[in-house]
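Using the sequences and the accompanying hints, generate a full structural model.
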Amino acid sequence: MSSASMAQSLPDYAELFCLTNFSFLHGASHAEELVARAVQLGYSALAITDECSLAGVVRAHAEAKKAALPLLIGAHFHLTRPDGGAALSLVLLAQNRHGYGNLSELITLARTRSDKGSYLLHPADLDGLADCLAILLPAYPGYDSAGVDRLHAQAAWIAATFPGRAWLGLNLLHRAFDDAHRATVEEVAWQHGLPITAVGHVCMHVRSRKPLQDTLSAVRLGKPVAECGYALAQNAEQHLRSRLRLANLYPPPALRETVRIAGLCHFSLDQLRYEYPDELVPPGHTPASYLRGETYIGAHQRFPDGIPAGVQAQIEHELALIAELGYEPYFLTVYDIVRFARSAGILCQGRGSAANSAVCYCLHMTEVDPARGNLLFERFISRERAEPPDIDVDFEHQRREEVIQYIYAKYGRDRAALAAAVATYRPKSALRDSGKALGVDLAVVEKVAKAHHWFDGKRDLLGRMAECGLDPEAPLSRQW
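With the numbering used here applied, the sequence shown covers 5 to 484.
In short, the hints are calculated from the structure, not lab data. Treat the hints with caution; some may be incorrect.
DSS-like, lysine-lysine: derived pairs with alpha carbons at most 27 Å apart [claimed, not checked]:
no., residue 1, residue 2
1, 440, 120
2, 227, 214
3, 432, 454
Because the structure is a prediction, the values reported are computed rather than measured.
Below is the structure:
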């Protein structure tokens, strides 16, 4: 049988539980690597389900779109009982735009009620969560009586909370108690009328990332790899596995269910659109008429001796394009914030490509006089690019909080947000933490980290190691 014929005879599969390296110190692969590997293996779809986060889905979306791979958007959660004890673990997948919004709200709730870097969700928080699919992840091993009782209670809860939208996840990673685990999951699923779906709990795109996965686990646990013992994954099975291997591990219905679940999810990040506030427009005006009026009020302030003909022509050109693309509410939103800052004596300055706009200048959002040069408005807004404009405004640091509080008060905390910053490793920090985790002498770790520059490549790093007395060809050096 040819390889093509064999591939066609294998069951279809969609991975529904996959972490990227945005699940910090848990995922060992980039989102792009996971998508590329899923395509290579012929997967029907791939879900990105970072823990209480959607941070990995943007890069995955861009890569999946290029490869025409259906991408599912979801997240993994550990729920906590009201008394603080562990409740259960589950994956939620957004079915549509509304489900994505609900999932985003749930993550916001979980993050804002806990300390930075952690989250807190109770089972009751998921009551009424619409347009999301839920996959309960049974603890492993779950074959003892206490574990079975807990799983029964969890299955009853998820079946009631997500009627017709709940599954039991079967995770088989070639471990000692897989048979007992599978039997328990199948029995509980049968008793509660829940379908079973295969899940992989993927943390890496290929099995060769296992040493890195172990190192990340050691950093997370705060001890060397050699001392982590059973806290490390028993094997390298938490990678994207071939469909042949999956067919040899899972019962066919569990594999078919993955594809059925993927078919129930229709959300894509391409469906997201900016939705601007509409309360900025006073009665008797449309966004277009109000923006035009405010622009010309500002133009007369900027040019008290008369608006130059060239500037007026530029204003009309810009207003026409803004109206064509429907961006008036966006300009009015930024204008409102800048107007507040200036009225409160808060220093602010627009910058970037917005400086090419005569409208922005007339609204006092930027300070580049269109009468003194040739503006390239299409660098700022272009019909061909078909993407929203970006007006960057800097506010003085000491009073920035006043602006933030004004936005919260004006638009409501449920409609305003700060952009999230995702922490990533810098080279020196990565060298220090990974060196300690691998058991490298701490003095050597510090010496190499201090000698390393951010622009150094792999060869430069090996050279730094040699300068610090390490053999760059030694296995430990190569792993580091």
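We went through each hint and held it up to the structure:
| no. | hint | in the structure |
| --- | --- | --- |
| 1 | 440 to 120 | holds (25 Å) |
| 2 | 227 to 214 | holds (17 Å) |
| 3 | 432 to 454 | holds (7 Å) |
Of the numbered hints stated above, none is contradicted by the structure.
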